[in-house]
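Spelled out from the first residue to the last, the chains are:
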Amino acid sequence: MFSALQRFQGISSNVITAAIWISLFVALSSYAQLYLNEFRSLPAVIDHVKAVTTLKYSRGFGSRNREPKENSRIAFDLTADISDLFNWNTKQVFVYLTAEYEGQPSIPANKVTFWNKIITKKEDAVLNLQKERSSFSVWDVEDSFRQRNASLKLEWNIQPHVGLLLWGENKGSYELTFPEVKGSSSAST
Amino acid sequence: MDQLVSKFEGNIDFKGQQLAESVSNTVLIVGSVASCLIGFVTQNVKLTCYAFAIFLILDLVIVVPPWKQYRANPVRFATSNRSIEVVN
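Protein chains in written order, with the numbering used here: chain A, 1252 to 1440; chain B, 2 to 89.
This is chain B alone, in the form it adopts within the complex:
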């Protein structure tokens, strides 16, 4: 059960989180500006909505699943090879 949960949790590492955030923001900002321009040039507000929806789906597909790029720098824990002397 725990394995199943962790498989769908989609955890990524620290560098991956940074990357995901910047990718997400870039796609959204570029998408917003592009959809505004598309709608204004064609003078059709529906095209703005459709274009923005497409960029939104693109953003979700790129950012939500834990792609390999987001898991490229896993945190390495120090090995516990030091022994502790217990003094009586």
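One chain only, chain A, in its complex shape:
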């Protein structure tokens, strides 16, 4: 602390220590807020799901060697309020609609994402979607969905300013049966 340079160095090192403590407070307090909001049991209502299965022949849709590959698209209604996931440490929330379904014995579980959205503001966190169309055309590891049953869920990923990423899902699911291929003549590349 004798010369100005020494005092500057002393302050610099103390500032880093203080910044670590502040970060810790920000992260821990935001977890506390999330748990007080019971963020693991927020409801979501997924309804009026209309699925369409088509055959695709291009590599961009998972086909190999021009073999037909079943692709699935859906339209759905979604009502969910995830504003409880937002607090002072939330940078953005990534919400995505997934379908989980059984597979072959060698591939016991499958999960695909039909739709997603990045929410950066608390004001935008009330989702009320009507006839929303899926973001992606989805295909299975196998060539066909074989009219299996899938369970649609709304999942989320919180990306905080400081701290760990958090993953979770809303309560409430929708049971969907992948339909048969819609008239093979409508298949396109």
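Among the hints, erroneous ones may be present.
[What the hints assert, rightly or not] Label-pair distances were calculated between CB atoms; the ranges are:
id: 1; chain 1: A; residue 1: K1422; chain 2: B; residue 2: I55; range: 52 to 60 Å
id: 2; chain 1: B; residue 1: I58; chain 2: A; residue 2: A1283; range: 47 to 55 Å
id: 3; chain 1: B; residue 1: E22; chain 2: A; residue 2: E1351; range: 57 to 65 Å
id: 4; chain 1: B; residue 1: Q4; chain 2: A; residue 2: T1268; range: 34 to 42 Å
id: 5; chain 1: A; residue 1: N1408; chain 2: B; residue 2: E22; range: 52 to 60 Å
id: 6; chain 1: A; residue 1: K1373; chain 2: B; residue 2: N74; range: 54 to 62 Å
id: 7; chain 1: A; residue 1: E1420; chain 2: B; residue 2: S23; range: 50 to 58 Å
Source of the hints: derived by calculation from the structure; they are not laboratory data. Note that the Cβ used here is the ideal one computed from N, Cα and C, for glycine as well.
Assemble the complex: chain A is given as a structure, and chain B must be docked to it using the hints.
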């Protein structure tokens, strides 16, 4: 040249060093707690950063330059008025 260096070195006395250290720590601790509270109450993490930056600048301004208060107790050296007898 030596004069120029010592002018910018910003040396302070022993009591001043003690004072500077305690002032610096106080400003940083108070600033950290205050900026946490400001951010938490307004639920805005950016305000925490800005508040902490302001306290940091304040700390640098208060502590780094050799203000008069840090040079109030200069070390006084004993005068060399004793003569040494050299015995042959």
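Check: Okay, A:K1422 versus B:I55 on CB: inside 52 to 60 Å?
Finding: Since A:K1422 and B:I55 have Cβ atoms about 43 Å apart, the given range 52 to 60 Å is violated.
Next item on the list: With 52 to 60 Å as the target window, see if A:N1408 and B:E22 comply at their CB atoms.
Entry: violated (45 Å)
Next item on the list: Could you say whether the range 57 to 65 Å given as a hint is met by the Cβ separation of B:E22 and A:E1351?
Entry: Distance hint for B:E22, A:E1351 holds at roughly 60 Å.
Notebook entry, point to check: Between B:Q4 and A:T1268, is the Cβ distance one that fits in 34 to 42 Å?
Noted result: Holds - the Cβ-Cβ distance for B:Q4 and A:T1268, about 37 Å, lies within 34 to 42 Å.
Item checked: B:S23 and A:E1420 - C-beta distance against the hinted 50 to 58 Å -> Given range 50 to 58 Å: holds, Cβ gap about 52 Å.
Next item on the list: Could you say whether the range 54 to 62 Å given as a hint is met by the Cβ separation of A:K1373 and B:N74?
Entry: Holds: the Cβ-Cβ distance is about 55 Å, inside 54 to 62 Å.
Check: So the hint says 47 to 55 Å: do the beta-carbon atoms of B:I58 and A:A1283 match that?
Finding: Given a distance of about 31 Å, which is not inside 47 to 55 Å, the answer is violated.
Hints 1, 2, 5 from the list above are not met by this structure, while the remaining hints are.
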